[in-house]
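With the hints as extra help, turn the sequences into a complete structure.
Residue numbers (our numbering), protein chains in the order written: chain D, 1 to 86; chain G, 1001 to 1086; chain H, 2001 to 2172; chain L, 3001 to 3172.
Hints may be right or wrong, so weigh each one.
[Claimed, not checked] Stretch by stretch, here's where chain L covers chain G in the computed footprint (C-beta under 8 Å, at least three residues):
1. 1007 to 1016
2. 1019 to 1033
3. 1054 to 1062
The set of hints was computed from the structure by calculation and includes no laboratory data. Since we're looking at a predicted model, the values are computed, not measured. C-beta atoms are modelled at their ideal positions from N, C-alpha and C, and glycine is treated no differently.
Here's the letter readout for the chains.
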Amino acid sequence: MAGSRIEVRVQCFGPARRLAGDEWLSVQLGEPATVADALAALAQRGDDFAALLKQCAVALGDEIVRRTYPLKAGDEIALLPPVAGG
Amino acid sequence: MAGSRIEVRVQCFGPARRLAGDEWLSVQLGEPATVADALAALAQRGDDFAALLKQCAVALGDEIVRRTYPLKAGDEIALLPPVAGG
Amino acid sequence: MIQMHDINQPRIQDTPLSLDALLTGSERDDCGALAVFAGTVRNHHEGKPVAHLVYTAHAALADKMIRGIEQEIAAKHGVPVCRVVHRIGALAIGESAILAVVRAPHRAEAFAALRAVVDAVKHRVPIWKEEFYTDGSSAFVTGCCIAEDAAQPHEDDAGHDHRHHDHGHQHA
Amino acid sequence: MIQMHDINQPRIQDTPLSLDALLTGSERDDCGALAVFAGTVRNHHEGKPVAHLVYTAHAALADKMIRGIEQEIAAKHGVPVCRVVHRIGALAIGESAILAVVRAPHRAEAFAALRAVVDAVKHRVPIWKEEFYTDGSSAFVTGCCIAEDAAQPHEDDAGHDHRHHDHGHQHA
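Right, dumping it as structure tokens:
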């Protein structure tokens, strides 16, 4: 129901993990929540992290989801900064 | 000296060998002789062979030589039809 | 477009890559061209001497995306075999980070598909490369944004106008 | 541009080609890209089922010309390693007729050099391919004229306007 708060776990990859200083973060979001809300909460961690978040894709399981994707309690999202394989 | 005749041996490769029916041919040429003279003599073997000769490169040792290259007694030239490696 | 021999092999590996393993069983009598690419660890990057690399990946998503890219490139270029594996973990100079194999009836499509599949994996798959330099510092290599709805859409995976973002956070 | 490891190895061989043999000793710490091409015997050519192939060569000249092409392409594309070997004799379906290896700092020049060296060897080196079909007939594969002073000069070894001459003399 709207108004209650949920926790979402955030797995950091690549440069996001280094900037976060940890593999896993968590954010508390008011319902209804979206990926954009999670990113807005994470952006509070600092300017460098906020700048990186703008360039991150977000995955839920093995799907990349858009900023508008709804989140529910217990979801684990992944932060995917710009990639450089090969 | 001009007027005397020389023998030149001719090694046939690829389709030239099949058309000639043999790896080695020989031609008698009046001096002074060039590659073009050898090819003209070989063209007497028939229309198919004459047509192929027009598309052949000619090698002397491990060098490709032009039609104007002079030949001397005992030279061995190679007939190199259009190539298709790979 | 089916590659029965290795359909279940992981595309992300934390052990040394083997070209033989990738080639074995992929032979096709109707293919006259085999093209292979290996991306190996270079001892320099933009003038800085490199000591080793560390690759990390979102393994589940990367595996799925590489399979999708293989199918996409195989269909686009009409090649029966198109396979990529990528290594993660710490790699020494000279070790292979990526292997790509294409088999095709003729060489033109083999070359085109090989280049396209390597470009696509480098630009679209969630893998990160951190370079460790001989002076003890390190940096993540500049990457390509893979968010569909970030500031600008990702334009062209095979071309030169994909977006690069500099994340070279230097650490002593 | 020096390749010490195999400078004396023959470029024309009458035994099966080994990719391992071509790669071993050619490693370079300054190269991040390895590109390989293998031309294998296909079971069909322009719709006709092929049983096997026979390659012949002017071995001394072919060896010398392949070395020259390697040096030319290495210099033109700025790649430190560029190597080709070609097999002669009877080849079964699936066997390799040609192997080419390029090592370069980056993949763009590796791909460009690989394509160029394979094209040049196919179009300029005195090697002939005779196809033997499952119906018992055979034919020499249409080739490229390498005479400098034949009817027209040989224009462009890497492009599409090189001259082809049909020598498909069919034999039952």
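How the hints compare with the structure:
1. Only when three residues or more bring their CB closer than 8 Å to a CB of chain L does the claim for the region 1007 to 1016 of chain G stand; here the count is 3, and the claim holds.
2. Counting residues of the region 1019 to 1033 of chain G whose beta carbon lies closer than 8 Å to any beta carbon of chain L gives 1, which falls below the threshold of three, so the coverage claim is violated.
3. Under a criterion of three residues with beta carbons nearer than 8 Å to beta carbons of chain L, the stated coverage of the region 1054 to 1062 of chain G is upheld, 8 such residues being counted.
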